[in-house]
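*Asks:* Go by the hints and put chain B onto chain A.
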Amino acid sequence: MSDFLQNQRVIYADDSRVRHQGILTIKQEDHSLGNLVRHQLLENPRVKFSGYRKPHPLEEHVEIKVFLSIFLIPFQVQTNGEVAPPTAIIQAADQLYKMLQKLNESLLQQAQLFRGDVTML
Amino acid sequence: MYGMEQINTATGFANAKFGSSKGQGAKGFDEPEIRILELSKYVIKFELLNTDLSVANSLRRIIIAEVPTMAIDLVEVKENTSALHDEFIAHRLGLIPLQSFNVDQFNLSDQCACSSMCAQCSVQFKLHAVCSDRDQMEVNTRHIQPLSDAPIIPVQYVNDKGIEEDPILIMKLSKNQQLDMNLVARKGNGKIHAKWSPVATCQMRKEPIVEIDQDKINRDLDIEKRKEFVALCPREVFAFNDYRNAVEIENSDKCIQCIECLRFAQANNLERAVKIAEREDKFVFTVESTGVLTPEDIVSRALQILMRKLYELGTQMKKYGVNAD
Numbered sequence: 001m002s003d004f005l006q007n008q009r010v011i012y013a014d015d016s017r018v019r020h021q022g023i024l025t026i027k028q029e030d031h032s033l034g035n036l037v038r039h040q041l042l043e044n045p046r047v048k049f050s051g052y053r054k055p056h057p058l059e060e061h062v063e064i065k066v067f068l069s070i071f072l073i074p075f076q077v078q079t080n081g082e083v084a085p086p087t088a089i090i091q092a093a094d095q096l097y098k099m100l101q102k103l104n105e106s107l108l109q110q111a112q113l114f115r116g117d118v119t120m121l
Numbered sequence: 122m123y124g125m126e127q128i129n130t131a132t133g134f135a136n137a138k139f140g141s142s143k144g145q146g147a148k149g150f151d152e153p154e155i156r157i158l159e160l161s162k163y164v165i166k167f168e169l170l171n172t173d174l175s176v177a178n179s180l181r182r183i184i185i186a187e188v189p190t191m192a193i194d195l196v197e198v199k200e201n202t203s204a205l206h207d208e209f210i211a212h213r214l215g216l217i218p219l220q221s222f223n224v225d226q227f228n229l230s231d232q233c234a235c236s237s238m239c240a241q242c243s244v245q246f247k248l249h250a251v252c253s254d255r256d257q258m259e260v261n262t263r264h265i266q267p268l269s270d271a272p273i274i275p276v277q278y279v280n281d282k283g284i285e286e287d288p289i290l291i292m293k294l295s296k297n298q299q300l301d302m303n304l305v306a307r308k309g310n311g312k313i314h315a316k317w318s319p320v321a322t323c324q325m326r327k328e329p330i331v332e333i334d335q336d337k338i339n340r341d342l343d344i345e346k347r348k349e350f351v352a353l354c355p356r357e358v359f360a361f362n363d364y365r366n367a368v369e370i371e372n373s374d375k376c377i378q379c380i381e382c383l384r385f386a387q388a389n390n391l392e393r394a395v396k397i398a399e400r401e402d403k404f405v406f407t408v409e410s411t412g413v414l415t416p417e418d419i420v421s422r423a424l425q426i427l428m429r430k431l432y433e434l435g436t437q438m439k440k441y442g443v444n445a446d
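For the protein sequence lines, the chains are A and B, in the order given.
Counted from 1, the first sequence has number 51 at position 51 by my numbering; the numbering is strictly sequential.
Counted from 1, the second sequence has number 127 at position 6 by my numbering; the numbering is strictly sequential.
Just chain A, same shape as in the assembly:
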C-alpha cells in the first residue's frame, strides 16, 4: 500500500478518529494550488474546515524533483454524510477548472481584438 502511494502525486487519507475528515497530500505543489483549492473548498457550505500547510519551506528545495508535498487538511463535513471530503474536492477542482476555462477563452478573444490583423510573433 505505501509503495503504491509513494508513486501517486495526489494522496487522500481519511482521518481515523473523526468522521468525514481527511488529509489530501499533493506532491510537487506549493501555495499556488494549495491556497486556491483551500479557498474554493470553503465556498462549499458543507465544508466545516479547510486549511493547508507546506510543512517546511526548505523541503521544496530538496524535494522539488522527487517529493515536494503540501498538505491540505480539509474538512469535517456535516454529519448527514451527504458529501464526503473526496466529493467536495472533486467539486472544488471542477468549479475552478470551469472558471479558469472561461477566463482563458475571454482573454484570448479580447487579445485577438486588440492585436487585430497584426500577426503574432
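Misleading hints may appear alongside valid ones.
[Unchecked claim] Counterexamples of contact, computed for chain A against chain B with all Cβ distances above 10 Å:
| no. | residue |
| --- | --- |
| 1 | Ser16 |
| 2 | Arg17 |
| 3 | Gly51 |
| 4 | Arg53 |
| 5 | Lys54 |
[Unchecked claim] Each computed DMTMM-like pair below joins lysine to aspartate or glutamate, with the alpha-carbon atoms no more than 25 Å apart:
| no. | chain 1 | residue 1 | chain 2 | residue 2 |
| --- | --- | --- | --- | --- |
| 6 | B | Lys440 | A | Glu43 |
| 7 | A | Lys102 | B | Glu154 |
| 8 | B | Lys166 | A | Glu105 |
| 9 | B | Lys247 | B | Glu285 |
| 10 | B | Lys316 | A | Glu105 |
| 11 | A | Lys54 | B | Asp173 |
| 12 | B | Lys337 | B | Glu399 |
| 13 | A | Lys98 | B | Glu187 |
| 14 | A | Lys98 | B | Asp225 |
| 15 | A | Lys102 | B | Glu433 |
None of these hints come from the bench; they were simulated from the model.
Where is the CB? At the ideal position from N, CA and C, for every residue including glycine.
*Replies:* What follows is chain B alone, placed relative to chain A:
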C-alpha cells in the same frame, strides 16, 4: 449638492461597496471575468473581476514561476582568452531570453526518454568570436549561431516604432582575445531558476476606492486648508478646482493607501469626510514579458497550467470513491 453618490458615479464606482464586498460569500458576485486594458508587444494590463485573492495570487505565482520557457543551461568552453572567467560568461549566457513560442515541442530534460541530450529536449548553439583586426570588439547575441533549425533563437527586441534595437551585449573582447563555446538550451521554469521566468514584472494590485464628502470638506475647511489637503497627497489623487474653489477627486486609481489624507482629515475633525479602501473583487495585473513569449500568451499558458493541475486533482480524487461514508 455634491453628495457621495454623485462622486461615486463620477469615479466609476457607482456600485462599489465599502470595505469587503465579499460579505455574502465569495460567489455572491457575478461571473469571473478578464478585461484587457492595454496590450502592446511586451506588456499586458488587465483586470481580473469577480474572483477572490486566492485565484489572483495563484495566477500571479504561476506566471512568474511555472510557465515553461527555453534558456541556455549548459555551456562548454573550448577557448576563452577574454578578461572574464568562464563561469561569469556562462551565467550571463543563461540569462539571455530565447524566443520560446515553440517551447511546447520540447521535453523537460529530466523527463525526456533520452539518456543525456537529444533534439527533443535541447537546442544547440555555437558562440565563436575572435577579435583580430580591432582594438576592441563587442560580443552580442548575434554571435550566437544555432546549430539546428529549431526556431529557438535569442530575442530581438523591437521598439515602439517597429525598429530593431541593438542586440544584447554579452561581453567585450580586446585585441587577440577569443571566445569559442558550445551552448545548450533547455526547457525549464522559474521555479528551477529565475532565468526561465517568462516575465520581467508581474504585479497585481487591488483597485483603490477613494471617496470624499465634498460638501463637508469644502464647507468646513478654508481655501488655504483645502489647497493643503490637495497638496499633501503624494500621488496627486485630489485636485483643486479653481472655479469652484473646491477639492475634487482627480485620479483615485493612483492611490497607494498611504492614509496621509485620513490623518489630515482626523486632525481637522473631518473623520467621516474621507474614506479610502480597496476593492476585494477586482485586481489589476501588469505583466511585462521578457520577449520570450507574447504577454497574452504568458497569461493564457498560466491559466492552462492551473487548469491542468486542477484537472489532475479532480481525476486523481475520483479513485477515492464518490461517497466514502
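*Asks:* Compare the structure with the hints numbered earlier in the document and write down the numbers of the violated ones, lowest to highest.
*Replies:* 10
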